Amino acid sequence: EKEDIYIDYCGMFILVLGLLVGSLMPLGGAASSPDTGTGHGGSHGNKDPGYAKNGNGTTYSKKPFPVLSFDYEHVRLPFEISLWVLLASLMKLGFHLIPRVSSIVPESCLLIVVGLLVGGLIKLVGEDPPVLESKIFFFYLLPPIILDAGYFMPIRQFTENLGTILMFAVVGTLWNSFFVGGLLYGVCQLEGHKLAYVDLLSCLLFGSIISAVDPVAVLAVFEEIHINELLHILVFGESLLNDAVTVVLYHLFEEYSSVGLITVTDVFLGIVCFLVVSLGGIVVGAIYGILAAFTSRFTSHTRVIEPLFVFVYSYMAYLSAEVFHLSGIMALIACGAVMRPYVEANISHKSHTTIKYFLKMWSSVSDTLIFIFLGVSTVAGPHQWNWTFVVATLIFCLVARVLGVVGLTFVINKFRIVKLTSKDQFIIAYGGLRGAIAFSLVYLLNPEHFPMRNMFLTAIITVIFFTVFVQGMTIRPLVDLLAVKKKQETKRSINEEIHTQFLDHLLTGIEDICGHYGHHHWKDKLNRFNKKYVKKCLIAGERSKEPQLIAFYHKMEMKQAIELVESGGGSKLPSALPSTVSMQNIQPKKPSQDRALPQLSKAREEEIRKILRTNLQRTRQRLRSYNRHTLIADPYEDGWNEMLIKRKKMKELEKKMNNYLTVPAPPPDSPTIARARLASDPQAWGLKSVTESIPTIKVDLASPQSPESVNVVDEFSKKGSQPKEEEGGLTMKVPSPAKQRKDKTPDEEPQQRLMRCLSDPGPAAEEEDEDDPFLPQKKSW
Amino acid sequence: MGSFQSLPDDHQYRTLSQKTGFSLEQIAILHNRFKQLSQNEETLRRDDLKTIQDLESNPIRSQIIEAFFDSRNFQKEGVGSVEEIGFEEFLTVMSYFRAPPQHITEEQREEMRRAKLRFLFNMHDTDNDGTITLEEYRHVVEELLSRSGALGRETAKGIADAAMLEVASISVGPMAPDEFYEGITFEHFLKILNGVEIETRMHIRFLNMDATVLCK
Chain D
1 EKEDIYIDYC
11 GMFILVLGLL
21 VGSLMPLGGA
31 ASSPDTGTGH
41 GGSHGNKDPG
51 YAKNGNGTTY
61 SKKPFPVLSF
71 DYEHVRLPFE
81 ISLWVLLASL
91 MKLGFHLIPR
101 VSSIVPESCL
111 LIVVGLLVGG
121 LIKLVGEDPP
131 VLESKIFFFY
141 LLPPIILDAG
151 YFMPIRQFTE
161 NLGTILMFAV
171 VGTLWNSFFV
181 GGLLYGVCQL
191 EGHKLAYVDL
201 LSCLLFGSII
211 SAVDPVAVLA
221 VFEEIHINEL
231 LHILVFGESL
241 LNDAVTVVLY
251 HLFEEYSSVG
261 LITVTDVFLG
271 IVCFLVVSLG
281 GIVVGAIYGI
291 LAAFTSRFTS
301 HTRVIEPLFV
311 FVYSYMAYLS
321 AEVFHLSGIM
331 ALIACGAVMR
341 PYVEANISHK
351 SHTTIKYFLK
361 MWSSVSDTLI
371 FIFLGVSTVA
381 GPHQWNWTFV
391 VATLIFCLVA
401 RVLGVVGLTF
411 VINKFRIVKL
421 TSKDQFIIAY
431 GGLRGAIAFS
441 LVYLLNPEHF
451 PMRNMFLTAI
461 ITVIFFTVFV
471 QGMTIRPLVD
481 LLAVKKKQET
491 KRSINEEIHT
501 QFLDHLLTGI
511 EDICGHYGHH
521 HWKDKLNRFN
531 KKYVKKCLIA
541 GERSKEPQLI
551 AFYHKMEMKQ
561 AIELVESGGG
571 SKLPSALPST
581 VSMQNIQPKK
591 PSQDRALPQL
601 SKAREEEIRK
611 ILRTNLQRTR
621 QRLRSYNRHT
631 LIADPYEDGW
641 NEMLIKRKKM
651 KELEKKMNNY
661 LTVPAPPPDS
671 PTIARARLAS
681 DPQAWGLKSV
691 TESIPTIKVD
701 LASPQSPESV
711 NVVDEFSKKG
721 SQPKEEEGGL
731 TMKVPSPAKQ
741 RKDKTPDEEP
751 QQRLMRCLSD
761 PGPAAEEEDE
771 DDPFLPQKKS
781 W
Chain G
1 MGSFQSLPDD
11 HQYRTLSQKT
21 GFSLEQIAIL
31 HNRFKQLSQN
41 EETLRRDDLK
51 TIQDLESNPI
61 RSQIIEAFFD
71 SRNFQKEGVG
81 SVEEIGFEEF
91 LTVMSYFRAP
101 PQHITEEQRE
111 EMRRAKLRFL
121 FNMHDTDNDG
131 TITLEEYRHV
141 VEELLSRSGA
151 LGRETAKGIA
161 DAAMLEVASI
171 SVGPMAPDEF
181 YEGITFEHFL
191 KILNGVEIET
201 RMHIRFLNMD
211 ATVLCK
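Chains as they are written, first to last, in full-length UniProt numbering: chain D, 1 to 781; chain G, 1 to 216.
With the rest of the complex left out, here is chain D (with noise of 0.2 angstroms):
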């Protein structure tokens, strides 16, 4: 079966190509592609005047009327755009279907090598390929990708490697820049005629295109490597903040290079410039992503557009630090970062999951698309190939990375607790890659200011191959060589949550005590004037008082009851904890109280324990699969499945005990058997109730085959009405000797309750009466 996926695959992949390329070709007549900008590939004119809806000059002549027509210049534009887009998913779909190739090279190489396939295919059939254009790029394939990974940033992590990250973004950029540009202008000196023309200002300019560090292409080849936290936020956060240096440098290299000097003014401008860039992208993503908050204070009546809201602010969060020039990616990054504690804490659970997936299917797209259109790109042209040039900067790239690394871990590791070691040096020198922002940025400039600028793109392009194909293939191999940390898989546990809260407080007490305004004391501050002032703004309702450490634990306790309920409820125990541990084996034991009632011995309470969870076993899957085919019709299931539903809601929503973690395993044994024993032994139910640890248990026997001396009753036909919403577990009644055996008569409902697991400490516990030896309900007469 596997060959049928690979030949369909392939069928559907051929299809899908070759309307592609037959959609590119002179069908419709006019220019190659929208994708092309004005001044690029064929200026094909209206080649097929018979297409031409309407001929200029024709006389009315009456046609018969057209029943079908073929109009494709009419959808040319988004047809073109939704097949890339298609084609690009599935050229993802295709590598994880060969698993071989995917685990040796990583996804960003393949997705270049099909642009090139494709490019080629166009080229060959005639066609321009489209280029990656600047404008598509930047506005509309660059944004999903920040988005996604400032939302989804660790917070913690980044603030603690603040200064660390911004060291290499800033100051290794520069470092990089100046040292690749300065030698390439040396090379270009020393080349003679061929290169004398590229003066010093373009060679800066081109050093700092080329230094910056490119998120795509990181996030792309650190997703699949799973390397430990603290890298991967060091490269990824370097990736993200040299923006600022990146757009400062460029602007300010590209509007002096025609004057062709710069003074020392123009270099604390640049200076003032910077910062202003920086501070301003991150003020202006700020105050979207407030606006975001308080906007979704006010969605619980329209939950639908929440994920909306998310999106859009961040876009126009984007858009609008474009319009001043300032770093948008900042702006970017800051805005999610910003909003997102207070748009969870406001937002239903479903739109949380919209965000997460719809940011991560967009970035996914994106990511793909940007890739193979690099490889298209690189078809495309135009090329100038000049060995020197190439080969200097790619030396050039690689020795200045690796210099400014050494360099500045040195200055930084005498400011860090958490030293970074050589293996951290390589790692991140070694991470240092470059993608499509640099090509990007080449591809804007102005071929009548830089005559060079073809030569550059060849460059930028042999470097982004390099780092992509080379480096990102070989950086799996060899984190796995050097045995570098790789990321700890484990589920933060509620223990580390509680610790480290209780760590915070600690240290800043201690900060306190010692009278020194350290770093716990500010962050600490920070904390309570969010708490105090901004939670209250911007989060709705009761949320805004509920403290992290409750909020964890409800998110917790939230996950695990849906995996519960996923998983078939009570048949498989969450994978975290497979243990039988529950609370009984914690709560310290009463001194048993005088009972009258006969005690039970420790073997029947096991056997009595093991039937209910058999029970509940049965009745949660019945309950799973009340609407599936696969149930066979059980004349006690009509009517109160609908209660059932409602009652396990509102079970799972006044949750507070870890059941989660205290459902045991059901233990392989016959029910039947079990319950015949039980059957014989009249005296088993005299379970005792002990009104705060040990939890109450009442038996219920929901299966119609009830044994001799036990019925169930009928709790509901004796109401008339709604049964009343009770805690508890499955409850056991005295059997009465008037009452018909219950499987004969439909209308009679037994009582299906879900048992709260054994676990729970019972706070229901106070129905019992003790003076039977059975345990009668107060309501069950």
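Source of the hints: derived by calculation from the structure; they are not laboratory data. Please read all numbers here as calculations on a predicted model, not as lab measurements. Beta carbons are placed, not taken as given, at the ideal position from N, Cα and C, and that holds for glycine. Take these hints with a grain of salt, some might be off.
As the list claims (entries may be wrong) - Quick list of simulated restraints, FRET-style, between CB atoms:
| # | chain 1 | residue 1 | chain 2 | residue 2 | range |
| --- | --- | --- | --- | --- | --- |
| 1 | D | K555 | G | R46 | 54 to 62 angstroms |
| 2 | G | L24 | D | R156 | 32 to 40 angstroms |
| 3 | D | V411 | G | R147 | 36 to 44 angstroms |
| 4 | D | P477 | G | K76 | 50 to 58 angstroms |
| 5 | D | V171 | G | P101 | 23 to 31 angstroms |
| 6 | D | L526 | G | Q39 | 55 to 63 angstroms |
| 7 | G | G130 | D | V399 | 35 to 43 angstroms |
| 8 | D | L269 | G | E110 | 28 to 36 angstroms |
| 9 | D | H301 | G | Q39 | 41 to 49 angstroms |
| 10 | D | T265 | G | L24 | 44 to 52 angstroms |
| 11 | G | E154 | D | M167 | 42 to 50 angstroms |
| 12 | G | P101 | D | G381 | 51 to 59 angstroms |
| 13 | D | L478 | G | E88 | 49 to 57 angstroms |
| 14 | G | P101 | D | K559 | 39 to 47 angstroms |
As the list claims (entries may be wrong) - Straight line, CA to CA, 35 angstroms or less: simulated DSBU-like cross-link-like pairs of lysine-lysine:
| # | chain 1 | residue 1 | chain 2 | residue 2 |
| --- | --- | --- | --- | --- |
| 15 | G | K19 | G | K35 |
| 16 | D | K525 | G | K35 |
| 17 | G | K19 | D | K532 |
| 18 | G | K50 | D | K525 |
| 19 | D | K92 | D | K63 |
| 20 | D | K487 | D | K523 |
Claimed, not checked - Here chain G is said to cover these stretches of chain D; the calculated rule only asks that three of the stretch's residues, wherever they fall, bring their Cβ under 8 angstroms from a Cβ of chain G:
| # | stretch |
| --- | --- |
| 21 | 167-178 |
| 22 | 241-251 |
Given the structure of chain D, go ahead and fit chain G onto it with the hints provided.
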């Protein structure tokens, strides 16, 4: 910087430096602070610490203050809590918050980690029986949530129970229904906090402490 006599205390400082690992300047600064808190007396009392204003808003304030007066933290073999402490004890407690030095062997790092975790453990184990019982753990969580009103009190119990169950599951594994998990022993405590890098997180930067920024 301040008016302290460095010469007569120099010898003292050296012994303290050896014992706790602080540098002489750091000891001098901390001594200044000690004197400020204790109003120039030789010993420090709980009330002196309670006067620190910034501590008011700290939810675990009383536990922090108690930790200073807990003789288990003095690295001598004492037990129980004392009423007043001298500078040496103050410094010893502070030394739990030093950062690990640059070049340190694995053994020393492990030792440091254990010492710091022992300090934390002692903070929770108030009755000094070597285990953190459910009641004690509940108290910890309640204190943490003490600034959150009624909501905090209700869920504190649930959170503490969940946490305890987690410790039991991780340390002991599956338990029969009639077994009883006494409490978190030090070994279990080490195990559950394995993921947290205590030796690097539990530290204060004593680098740039200047007497002029000392608060009242």
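Each hint tested on the structure:
no. : hint                                    : verdict
1   : K555(D) <-> R46(G): 54 to 62 angstroms  : violated, 38 angstroms
2   : L24(G) <-> R156(D): 32 to 40 angstroms  : holds, 35 angstroms
3   : V411(D) <-> R147(G): 36 to 44 angstroms : holds, 41 angstroms
4   : P477(D) <-> K76(G): 50 to 58 angstroms  : holds, 53 angstroms
5   : V171(D) <-> P101(G): 23 to 31 angstroms : holds, 27 angstroms
6   : L526(D) <-> Q39(G): 55 to 63 angstroms  : violated, 32 angstroms
7   : G130(G) <-> V399(D): 35 to 43 angstroms : violated, 58 angstroms
8   : L269(D) <-> E110(G): 28 to 36 angstroms : violated, 54 angstroms
9   : H301(D) <-> Q39(G): 41 to 49 angstroms  : violated, 60 angstroms
10  : T265(D) <-> L24(G): 44 to 52 angstroms  : holds, 49 angstroms
11  : E154(G) <-> M167(D): 42 to 50 angstroms : holds, 46 angstroms
12  : P101(G) <-> G381(D): 51 to 59 angstroms : holds, 58 angstroms
13  : L478(D) <-> E88(G): 49 to 57 angstroms  : holds, 51 angstroms
14  : P101(G) <-> K559(D): 39 to 47 angstroms : holds, 41 angstroms
15  : K19(G) <-> K35(G)                       : holds, 20 angstroms
16  : K525(D) <-> K35(G)                      : holds, 26 angstroms
17  : K19(G) <-> K532(D)                      : violated, 43 angstroms
18  : K50(G) <-> K525(D)                      : holds, 19 angstroms
19  : K92(D) <-> K63(D)                       : violated, 48 angstroms
20  : K487(D) <-> K523(D)                     : holds, 26 angstroms
21  : 167-178                                 : violated (count 0)
22  : 241-251                                 : violated (count 0)
Hints 1, 6, 7, 8, 9, 17, 19, 21 and 22, counting from the list given before, are not met by this structure.
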